[in-house]
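Q: So you can see what is in the structure, the chains are spelled out below.
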Amino acid sequence: MRKKILAAWAKTAGILVVIGITAVLSKSPVIALTALCIPLLALVSAIINIFISKKIILSFVCPPTASKSSACLVTLNADNGAKLPAGKLMCTVIVQNSLTGEVREVFLEAPVNPLSRSTASFMLQSEHCGFMVARVKKAYITDWPGLFLKRIESDARGEMSILPDTFVPVINITVPPVTPFDDDSYSPDKKGYDLSEVFQLREYTEQDSLRQVHWKLSGKLDKLIVRDGSLPVAKSILVFWDRNARSVTPAEADAMAEVFCSVCQVLSDMGVRYTLGYSTPEGCVMEEVDDTEDLLGIIPSMFKDGCGSDGPSGVQLYTERYGRALYGKVICLCASIPPGLEEFASGNLTLITLDGEASPDDSVICITPENYAEELTTMEL
Amino acid sequence: MKRNDNAALRLTAYRETGETEKIGYPLILSAMLITGMLLVFIPAFESIHSSPWVFALAGALLCLAMIRLFQGRFGDTGLIGSVVLGAVFAAAFFGKVKSGSLMLTNDFLGFLSTKTGHIYLAFETGEASDVYWVLGVMLFILCAFIAKASLASSSVFLLLPLALLAAGTAAGFFSVNAGTVILASALVLMALRRLQLRADPACPEGSLWIHTAAAALCAVIIISGFFLAGLRTDGMISSVKRAYHEYVYDEDTNSMPEGYLSDLPAWEPSNAPALAVTADEWSKLYLRGFTGEVYTGTSWESLDTEVLAEYSDMFYWLHDGGFFAQSSIASAMEATGNDGPVKMEIENISACEKYAYMPCSAVVNTLMDPTLIGDSVTEGKRYEVLEYYPGSIPEWYALQHLVSARQSSEETKGYLLSEQQYRDFVYEKYLQITPTAVATLKKYLDSDEKSRSLTDIRKIILKVLDEKLTYDENASVPSGKTDFLTCLFEQENKGYSVSYATAAVLMLRYYGVPSRYVEGYYLSGEDASALSSGQRVILDEYHAHAWAEYYLDGVGWIPFEVTPGYVDESEFELGEAGSEGNVAYSHNELVYAPAIQPQPLEEVSGPRMSFKITRPFVYVLLALAASAFVTLCAIRRRRLRKALEKIGSSDNRSAVAMLYGYALLLLQKASITDEEDEAAKSLNREAMFSDHEMSDISREEMEDYVERVKEMCRQKWNFLRRFYYRFVNCLYL
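Protein chains in written order, with this note's numbering: chain A, 1 to 381; chain B, 1 to 733.
Certain hints may be false.
Taking lysine-lysine pairs in the DSSO-like style, the calculated list, with each CA pair at most 30 angstroms apart, reads [unchecked claim]: (1) 669/B / 55/A; (2) 115/B / 354/B; (3) 83/A / 669/B; (4) 443/B / 481/B; (5) 429/B / 115/B; (6) 88/A / 55/A; (7) 83/A / 716/B; (8) 669/B / 716/B; (9) 468/B / 494/B.
Please keep in mind that the hints were generated in silico from the structure rather than gathered at the bench. Quick caveat, the model's predicted, so the values are computed rather than measured.
Excised from the complex, chain A in its bound form (with noise of 0.2 angstroms):
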């Protein structure tokens, strides 16, 4: 932006010259007029600038979700609603991603007209997936010539997501060879899908299932009232994502956020209903995860919160809120052996991380962002 400046500066100044030696010259009054007509209009400009940047309004424009390594556009919008036009928006607007930690910065300008709205758009590239945030860092309205600056405050965002590449792991269930007929291992808090345990009875919403509904009661009360199957402890998946364990370098990021998503994608894929789990700096955010419907709708909001490397790690934080995880098939994906993890779950964890040795029993995997679709093309869990 300084340099932008500094050229106007210098092509006024040059006119200038110009007409100052030509005034002379000629020994023209009106020429000379002319030399101070154009400061005079850059300083009437500037104070009009200076009621027009109450007037303009900064607003991004992008797409909600975009793939890694493909362009898209975002705008930046500025409407302004002032009769009287400015000389040029210049504004720098900064780009970061919230999982990565990756930040640039781009410069923008954009004609200031009035009562109309203004674009300056740029072009997205990220081999990275995440959550794309666009902020304006600094935004300036210059009066005609381009000599002055104003500054104008805007608290514009925009907000994308870069969805991973997912690459498809061959994961093999092994279910327990005995199970008793009355285990009543279920959830206490969380609702699931075995129908032959009510987890609750409600009333009936547009998207549940007729199977769900209990007629007996319904015909009773004269409305629809349906039951709630309740999760069984032994059949159900946990997939949790440790992002406190420490800090990651943006490519292992990437790494760890396609090997989650590719994991959750195939159990999706394959049926399975499991909880996702992923740590944040406050805590842990859990969600039951029925379809590849709510994986899609959850991971924007995953990508959102950053990875942490301060304080408790992402286990610890979830055995402090819920105890020990009590799943059928624990996945723990983290970046290092999280302290903590015995508390977590044993016996049914298998632990994705980055550093460490693998184990034979592939109970620990060990990946690194090279090589972690081969090493996760089988996985038995």
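Assemble the complex: chain A is given as a structure, and chain B must be docked to it using the hints.
A: Frame of chain A, contents of chain B only:
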């Protein structure tokens, strides 16, 4: 694959194609338009002393500011606001703006004088710098129109200034210079831009410079073509003028060529009555009609108005003081205390209506147009009542002596003061002769430097004419484009009064005697003596005649008769030295009193006579602008009809699609954005993308939809907008 984390997130500023030219084209266009217009406009006005480039620079900057201002929704009111602002400024500084306007008007009146040969009095103005006030207002308003036109790529907004410039250039007020080329380039560029926008609204930026270069080339070619064509149109223009003159003023019986000598035909007079003259007292009459002052080789012409315009001040003061050269003899008579004039009535029956036929010694002070520069043209009327002093050439020679003798009297002094000014003018302008004619005359006349008296000159001329020419009324002189005199003396050697008069005038001028060629009607002394007082005499075409006139110092224009059969030997002999009872005149040795230096002609302080700008010119300009506007509307209307006819004659599928497009256009113009009919949209989609023919019912449904849309638009628009879209923009019938 190892990834480069540093380049993993890339942001690139994106610029849509055509964004630069959204302002680039209007900027270039407006800069060219304002520069071209000012370069043409400014040099035409002498009151503006600054360089036109200064104004062009200021105008370009102003256009840039206005283009920025007019972009967006503000454009609709910006133009009107600018005009209002300019008007308010003009009202606030009305005195200075008015003074400046009058200065520009005075410059224009000076130009009009050179074109019409009339005197136009200048308006009183203030300081010289006042002209910049009105220029500022005009520049501001003009820039607003140019900015709007550039943004819209439409020349509609420039119709009035362009019409004014075109009219001024055609009339010769504005000269063709670099500004004309720049302006023409801008208009061509605007047309190209408009065509391209129609073909492809998202046109690439690179075409801006290509278009500009193409436009400049077109303009240079067009202007060069006009110049080349102009060089060849002089003959055509004079032919057109002559044909117009004959159609408006002449009758078929007119036998005199009115100065047109090329291929002079034989004289074919008739008994058709030309003039009816009634006088209280009769004498030999030379009734002047056409007067030829400039010999071109193929014709006698009047002095050029641009030449005459230099003497506008002199003639203003001469006329204001009552001196008219057509009646200088009468003025001399009055100054020397002669008896009063007698009455004469002249009725034009079939003579050329452009001229008034008046005797040499007529009193025409009240009949001449005082605003006319020069005194050789008297505009004709059907019926004229005037006074004149009966007299003859010898009496006018005697008048010269009388003037000389009485030059100390107040009346004579006053008369001579004016006559001397006119005499100087005559000696400057009435000695013109072509080099070809000089070369011819040198063969027959002495070319020594010896000064000769008028009498000797007259004798030489008559002798030469007697030797070289034979009078023959049936003689024609097929000179074509060659010099008439050369053809006459070296080939034909015969002719009638026109030939004799032309030769005599040229020979007089050869010897340094100011002279001119005159056509009119002649009544001989013999015929006149047979007439009684108050008798009405009819002069027919047999009385049509051409003669030479020379300027007798102190008296005025005197006829010099050289045509055989018309020469009055008694007059010729009169004036010889020693003739008894007559004025002794050997040669022109009359000495006037020491020249009284006339007072310099200064403007009187205080207003001259009141004067108004000629209305016809304003009406012509308004008519031009109105006709241009009407033509534009007519073209648009025709275009609309053709488009509707095309829809009507198309097959159902094309008609449905075109009608839908038309409906969308109407909705867009009325800014109705949420009234799209789903059924119509579906019909359009079917017409565009299906592979089957559309039914007549579908077509009718679409036509009904269009009518409904029209009705919606009409309801939305106010009266002015309805009028505009119907009759000006021709959006619907």
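Q: Determine for every hint whether it applies to the structure shown.
A: So, going through the hints one by one against the coordinates:
1. 669/B / 55/A: Holds. Residue 669/B to residue 55/A sits at ~28 angstroms (cutoff 30 angstroms).
2. 115/B / 354/B: Holds - the C-alpha atoms of residue 354/B and residue 115/B are around 18 angstroms apart, at most 30 angstroms.
3. 83/A / 669/B: 23 angstroms, holds
4. 443/B / 481/B: 21 angstroms, holds
5. 429/B / 115/B: It holds: about 18 angstroms lies between the C-alpha atoms, which stays within 30 angstroms.
6. 88/A / 55/A: Given that 30 angstroms is the threshold and the Cα spacing comes to 14 angstroms, the pair holds.
7. 83/A / 716/B: Measuring from Cα to Cα gives roughly 25 angstroms; hence the hint holds.
8. 669/B / 716/B: With a Cα-Cα distance of about 11 angstroms, the restraint between residue 669/B and residue 716/B holds, given a limit of 30 angstroms.
9. 468/B / 494/B: 8 angstroms, holds
Hint compliance for this structure: no hint is broken.
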